[in-house]
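*Asks:* Take a look at the letters that make up each chain.
6 protein chains.
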Amino acid sequence: MASHYVVRDVDRADPAVIAALRDAGVATAHEAAGRIGLLGPSIQARQAGSAIAGSAITVTCHPGDNLMIHAAVEVCRPGDVLVVTTTSPSTDGMFGDLLATSLLARGVIGLVSDAGVRDIASLRGMDFPVWSRAVHAQGTVKASPGSVNVPVVAAGQLVRPGDIVIADDDGVCVLPASRGPEVAAAAAKRIANEAEKREKLAAGTLGVDMYNLRPLLADLGVEYVDRLPDDGRA
Amino acid sequence: MASHYVVRDVDRADPAVIAALRDAGVATAHEAAGRIGLLGPSIQARQAGSAIAGSAITVTCHPGDNLMIHAAVEVCRPGDVLVVTTTSPSTDGMFGDLLATSLLARGVIGLVSDAGVRDIASLRGMDFPVWSRAVHAQGTVKASPGSVNVPVVAAGQLVRPGDIVIADDDGVCVLPASRGPEVAAAAAKRIANEAEKREKLAAGTLGVDMYNLRPLLADLGVEYVDRLPDDGRA
Amino acid sequence: MASHYVVRDVDRADPAVIAALRDAGVATAHEAAGRIGLLGPSIQARQAGSAIAGSAITVTCHPGDNLMIHAAVEVCRPGDVLVVTTTSPSTDGMFGDLLATSLLARGVIGLVSDAGVRDIASLRGMDFPVWSRAVHAQGTVKASPGSVNVPVVAAGQLVRPGDIVIADDDGVCVLPASRGPEVAAAAAKRIANEAEKREKLAAGTLGVDMYNLRPLLADLGVEYVDRLPDDGRA
Amino acid sequence: MASHYVVRDVDRADPAVIAALRDAGVATAHEAAGRIGLLGPSIQARQAGSAIAGSAITVTCHPGDNLMIHAAVEVCRPGDVLVVTTTSPSTDGMFGDLLATSLLARGVIGLVSDAGVRDIASLRGMDFPVWSRAVHAQGTVKASPGSVNVPVVAAGQLVRPGDIVIADDDGVCVLPASRGPEVAAAAAKRIANEAEKREKLAAGTLGVDMYNLRPLLADLGVEYVDRLPDDGRA
Amino acid sequence: MASHYVVRDVDRADPAVIAALRDAGVATAHEAAGRIGLLGPSIQARQAGSAIAGSAITVTCHPGDNLMIHAAVEVCRPGDVLVVTTTSPSTDGMFGDLLATSLLARGVIGLVSDAGVRDIASLRGMDFPVWSRAVHAQGTVKASPGSVNVPVVAAGQLVRPGDIVIADDDGVCVLPASRGPEVAAAAAKRIANEAEKREKLAAGTLGVDMYNLRPLLADLGVEYVDRLPDDGRA
Amino acid sequence: MASHYVVRDVDRADPAVIAALRDAGVATAHEAAGRIGLLGPSIQARQAGSAIAGSAITVTCHPGDNLMIHAAVEVCRPGDVLVVTTTSPSTDGMFGDLLATSLLARGVIGLVSDAGVRDIASLRGMDFPVWSRAVHAQGTVKASPGSVNVPVVAAGQLVRPGDIVIADDDGVCVLPASRGPEVAAAAAKRIANEAEKREKLAAGTLGVDMYNLRPLLADLGVEYVDRLPDDGRA
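Residue numbers (the numbering used here), protein chains in the order written: chain F, 18 to 251; chain V, 18 to 251; chain C, 18 to 251; chain X, 18 to 251; chain G, 18 to 251; chain Y, 18 to 251.
Isolated chain F (complex conformation):
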């Protein structure tokens, strides 16, 4: 028999670490962590310019049923990010402005959903940022069980309760809370390093020189020619 749980306690990462990762952004945090943790591009930002990071409260629902989102609100704390999945693919609008109002009252800072959201104009007006698979108004029921704060898979990525969720215009990245400090430190180095690189590139230095790629290109047999020698077939 399947068991359904609402797990109340979640270990959350240090707020300072979370803030540092939010400022680093999705792309930098993902790289700093060794290219892990990205949700697939099917989950997209549904507003422009929002950048958040927080602790994951995870939810798994029956498709077309948002009962467990309601159950999840109670265990949320300020700074959390709600991560919603369904047991089979769905684009239903299982989240809208009423749930956002409720989450804002708990201090939740955003939603990541592998299904649909609705009332998107209101959500934008409320400054409650969402990342979702779809915008769709399809109504849902409250009839089937699911779980809160169990490991889930969203857009092809495992998300555990308490994971650090970073989301911005590039999408969504999750990291184990335990790796937060190390990744935040690596991200800070990377940012400094990139500033320097950016300056060089802006001044006209080529990446093939800056990264010393010419020997690799030669090793791989890439030939430099003035004109394409043959029939030009790609």
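Treat the hints with caution; some may be incorrect.
Any copy, or any two copies together, can satisfy a pair, since identical chains are not distinguished.
Lysine-lysine pairs mimicking BS3-like chemistry, simulated, CA-CA at most 30 Å apart [unchecked claim]: (1) Lys-214 with Lys-159; (2) Lys-159 with Lys-217; (3) Lys-159 with Lys-206; (4) Lys-206 with Lys-217.
It is worth saying that the hints were derived from the structure and are not from the lab. Everything numeric in this text was worked out from a predicted model, so none of it was measured.
Go by the hints and put chains V, C, X, G and Y onto chain F.
*Replies:* This is chains V, C, X, G and Y only, laid out in the frame that chain F set:
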């Protein structure tokens, strides 16, 4: 033999009812009607912040052919919404700023298309809102017959001529004109009801209490625990 | 054995012709050229309101590997547009703000990619427009060879080095440089012609009359009726 | 309020007409009817070589819930085809060998589903043919209402209770029962006509001659040349 | 920094339990486990009639790179099933008959891949069953690191090394090894139970009676009528 | 102005070379050519066990219009393969058993189509193999111009008239005729080489040893461990 018609007369709903449903919006009207009428999420708003409602003038075209859109203009009246479909899937840009100019001259307030639109920057500049499956510039011909004002299927939803079309950032919903007054009344009640709910939720009341979901959760066997008891497999 | 080349020299079209095609825009240039050259709608504008035209510098990469983009920078000149493809489908974020900085330093005016981009907020802030299949932060390696300035296929369309690339909110169109002057002239005529048509349509003239479509509709057997005669099956 | 019905009585077409349309097959019936009635290619035959026709018993279910399929069995009669849809997109395996056993006991001859099926090896072994959007084992609940024998949309096509459903390796086509005799007659003519054409084509006659297409090709400006005159850009 | 591992030791489930689950099949095992563990329908059987179960050896590769599959062979044992994923979506043909030969030599009984396979005619001839996202011949390189026997996500489902993998014509299901005995027992009960149900249904008993669904239908407001009372809008 | 051509003369490759490449098969020819020429996996074999190679006769059609396929038959010769594309995406059934009969009369050995086919049961019965994007019965018109024997793009791959088309259960690969002899020779070597490898692998030699991959794995930092050292996050 298939027959092709341009049907001139369409029974339209009461403008006051239509206006009430526009103000209610797609999500509320869909719910007030008993969760019917939504077009699928493949048809998306191609601008932000537009909200319209009007009577459906329906068009069915051969793929890659916009002849029947031209034929449809003549039967449009102020306040109508053009709903375009193709007999097989297409993303061609069969609608652009010239057709929008022509429709605006007839008082048409927007387009819903299960194919592509082009000149999207101009359409946004003209304040002519469109909901479509794609933005694509692919040119089309005028060579094959189709029909105007016959029942069509757009994004998985049946649309009849004269149906009330409601469209906003959440997508598109259609309703039979005959159900308009009843749905508008139900939507008004729902809006009042939601205002009250919103206030409670903003004040910290939980949805599980407001909707009395705790007994249901218990009946469904959802257990509240402090920590996940087993290996945490979702 | 497959050969990998970086081709240094590309014949570019006349800048005045390129500018004329940029001003004409994607939809008009595509029509003026005889409805050719459009990339499929899977490649979309990732900002609103940008309109560019330039000479194609083409790149083909191994999926998940952006080595050849780095190699391509060196052969770019002011006014060029980088066109990136992969040897099999990919949505990885193989292009971000560092590469954009480097391209801006070379005078490159935009990117068309059949894969993903990242740092999208920064790219928008830098006014470096991109058209791509995805926004995704997935990091890539620099390990496998590819080519620069060979013919490639992007979103189902053949693109040759030196092709004129036109990109705006409607998508992307490419034309052989040799056809540029003829297409620019045809586009100018079309624009004049459309201004006249637009005025007529705005004044209430119907397209079926302006394009003389009534005889065609009759020939195709389209019947005008006041009411649908049968069971209304579309 | 949405209403949910199980409609007991359905007007069925003449069995001789249905049999004639089954023998004609999907492609011929679709053409004979004037190119109407086809379900989209997302619904595919899940076995090879089955060809059926029968009267549609329609079902609409909540996604992830097969309650209404159980309710539908009772109103089925020998020769019927069950047509299952969901109120929002789903690939769940809401139909398997137990339901097939029950339908076979009622004389039902096949299933068309806009969702998933499971136990596919058993279904093949039982000679119960299915056309579906997916094969997937995902289990479903019995918790939400729906309707039996109301009009539904399956794979983009309106299906009414009692419609003639024709299904074979090419897919699925539906026709209003009232049009059955006329379409069966047209199909018979078409089959005779095609036999004659097939003989001519097999003997080497060209379609361009048999259909007299050369004047059309000339009118459309298609030029016959020995070699491609320009740079060969398609 | 990301770390890449080849983990040698995996705890495997009891062969008798695995065999029982293979005989139960994907749909029954998934239900017996409480409707968990299914991989999405994007991973399909690439042959008909194969049914296997074994212990998961997991692999994660860079897209377009099959280096780590070669590394995985060494840690496989008789009865294992190889589960291959990529760090971003790929349909490349990273597995073919040479790798199958190598796996057969190790006693591996099948492949589940979230990417592509090739040499499919040979694989069928060798009786080496595969479940994959695609059949595609695209060649791959051996240049980037990955891991063997770490948790992976395949078609939206978490798979851990040593999980019991069950695969047949319905798709693929995975279960934690620790739950094997309990699920096998539940499956045996379910099979017995279904045999009884099948007999009743074959004899004409209705599911609505056998499952006692009539009270539920009444509670949910489903009305039984002889004819559809209104305009028949679904 | 777009021009439309039927090009009569096509340079075909040596039949012995074509036969050698057919026997090598898609995967081997693609590898022997340096991993080029593959059509994407959206074009699939619509029968099992067919393997062909021939010279490409290319066709480009308006979507929903098969006029140009009829025009193409005349320029086909024994041993040719017809390659059909549309100017925008289409799944319409523009090819069926009558056209196959006509092509068989000309000695054409198969069809590759980036659109749909119908009469699939008949095509299988006639032993006329097809590779297509879809099986769909949707009827098409004969109204719009296109071209025969110009370069086209099918499933993301450039195909030129006279290219060698190789198709089997793995999909479709195209090669320039000029490269045929060299690729056939390389394929022969590869086949001999693979036979030897197959024997070694069947005898238990590991690929990591046969390809000498252990140093590469070490260089890339892949660690061999008995147990996963950390939290096992993939």
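*Asks:* Hint by hint, note whether the structure agrees.
*Replies:* Hint-by-hint comparison with the structure:
no.	hint	result
1	Lys-214 with Lys-159	between (53 Å within a copy, 17 Å between copies)
2	Lys-159 with Lys-217	between (57 Å within a copy, 20 Å between copies)
3	Lys-159 with Lys-206	between (47 Å within a copy, 21 Å between copies)
4	Lys-206 with Lys-217	within (17 Å within a copy, 46 Å between copies)
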